[in-house]
Amino acid sequence: MADMRLEIVTAERVVYSEDVSVVVAPGIDGELGVLPRHAPLLTMLKPGEIRVVKDGEESFMAVSGGFLEILANKVTILADTAERVEEIDVQRAEEALRRARELVEASSGDLDLERALALLRRSEARLKVGRRPRRRRNGAPL
Amino acid sequence: MASVRQLRRRIRSVENTAKITNAMSMIAASKMRRAQEAAVRGRPYADLMRGLLANLAAQPHDEEELHPLLRRREVNSLALVVITPDRGLTGGLNSNVNRAAARFLLDHGGDESVIAVGRKGRDFMVRSGRNVRAVFTDLGDRPSLMDVTPIAHLVVEDYGEERVDAVYVAYAEFVSTTVQRVVVEPLLPVVPAELRTQDAVGYIYEPESHTVLSGLLPRFVEMQLYHQVLEAAASEQSARMVAMRNATDNANEMVEDLTLLMNKVRQNAITSELLDIVGGAAAVQAK
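Just so you know, the protein sequences line up as chains A and B, in that order. Residues in the first sequence are numbered consecutively from 1, following the numbering used here. Residues in the second sequence are numbered consecutively from 1, following the numbering used here.
Simulated from the structure, these hints should not be mistaken for lab results. Cβ coordinates follow ideal geometry from the N, Cα and C atoms, glycine included. One or more hints might be untrue.
Computed Cβ-Cβ distance ranges for the label pairs, DEER-style [stated by the list, open to error]:
| no. | chain 1 | residue 1 | chain 2 | residue 2 | range |
| --- | --- | --- | --- | --- | --- |
| 1 | A | E95 | B | R50 | 32 to 40 Å |
| 2 | B | N16 | A | E57 | 31 to 39 Å |
| 3 | A | R98 | B | P186 | 24 to 32 Å |
| 4 | A | R92 | B | R34 | 18 to 26 Å |
| 5 | B | R181 | A | E57 | 44 to 52 Å |
| 6 | B | R163 | A | Q91 | 39 to 47 Å |
| 7 | A | R92 | B | T259 | 55 to 63 Å |
Model the full structure from these sequences, guided by the hints.
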């Protein structure tokens with residue numbers, strides 16, 4: 001099967017740029033699986049994990065929200081922040097999650113709570129990805 | 001005339017100054033390179049975002065539904081974000097930015113407020129009695145997106161709640177190592193790039209286009225500010241590099257002049273001492 005181009009960029013750098021066969025991203029209205037030759041699409045992403053299959057090998061990335069564009073067999077993810085599994089320090093992620101939980105408890109007012117919850121969701125997503133095995137052969141082809 | 005010893009001391013002190021300015025210029029050069037790289041790395045994101053925004057803004061909508069950040073209002077009060085370095089020794093850069101900002105505020109007299117990013121701008125604006133709405137300092141040599149987010153939030157909120165009707169940014173654009181151009185650019189309302197019809201894409205929007213647009217716009221403002229902060233950082237370092245290199249050159253020139261002077265003074269001293277001795281000896285012989 002022909003591959004499609006996947007590019008994950010943030011305001012600070014290009015995180016990922018490869019030819020892949022499957023992309024699964026956390027769309028705001030639910031998980032979103034993309035195969036090559038998808039129709040043009042523009043959607044928002046929520047904090048979560050991006051699953052990518054390249055040459056039968058599965059890899060994961062954490063994203064904290066952003067936008068996903070599909071155009072001409074090219075998937076572009078404009079992420080607020082994005083990290084590859086290798087870049088995530090699980091210990092620090094756990095720490096961050098704990099702090100986020102405390103913030104949620106301590107927050108007063110809707111705005112505060114909303115920010116704290118957003119932080120919590122982001123930390124959870126990072127931790128989930130961080131705990132993934134670094135590399136997995138023969139990932140399920142979806 | 002100064003004595004040889006005084007001159008020697010002076011030369012040593014100027015030499016030390018030259019060492020310091022030389023080191024500063026080299027440090028600035030490496031920081032400048034890093035700031036430029038950061039600006040280049042952020043470019044794909046900026047280009048993509050501009051493209052998306054143009055596509056979204058070209059979606060059919062009626063004037064009433066127009067997103068608040070896109071809607072133009074009559075400008076009664078405006079805010080100016082002044083991006084300056086935290087530190088001096090940047091040649092004319094700081095005063096150029098401040099002067100451009102001050103002139104802009106004078107031209108657009110009325111109800112205006114200033115958001116100072118960087119100490120030099122803050123000091124200037126406070127000193128000249130401007131209405132300073134907020135101050136952000138210590139962004140450091142490698143500003144991250146997270147440093148800029150609060151600034152973007154503030155202006156978007158002020159604009160959304162109609163406390164200001166327009167937001168401008170004054171900063172030094174990095175043109176080349178020797179040239180930094182001070183510019184004042186509009187930030188809000190957002191003006192999407194014109195879309196050529198052949199570039200328009202019939203996306204499937206998920207959720208519908210105006211929800212995506214309202215998610216995108218604040219990000220767009222953030223991205224733009226971030227880019228401007230990076231430009232300003234690169235400008236700061238390159239201005240400092242050039243200023244410090246000039247200072248080093250001047251100091252070295254001064255050392256040369258002083259050395260020449262010192263030698264002359266020493267020779268004069270020797271000559272007059274010799275004359276004294278010869279004169280004394282002649283006086284003894286004459287007796």
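Consistency of the hints with the structure:
1. Distance hint check: the CB atoms of A/E95 and B/R50 are about 37 Å apart, consistent with the given range 32 to 40 Å.
2. As the Cβ distance of B/N16 to A/E57 is approximately 59 Å, the hint placing it in 31 to 39 Å is violated.
3. For A/R98 and B/P186, the hinted distance range of 24 to 32 Å is not satisfied, since their beta carbons lie about 43 Å from each other.
4. For the pair A/R92 and B/R34, the beta carbons lie near 24 Å from each other, so the given range of 18 to 26 Å is met.
5. Hint check: B/R181 to A/E57, Cβ distance near 48 Å, so the stated range 44 to 52 Å holds.
6. Under the hint 39 to 47 Å, the C-beta atoms of B/R163 and A/Q91, about 43 Å apart, fit the expected range.
7. Against the hinted window of 55 to 63 Å, the Cβ-Cβ separation of A/R92 and B/T259 comes to about 57 Å, which satisfies the hint.
Going down the numbered hints, you'll see the structure goes against 2, 3, while the others check out.
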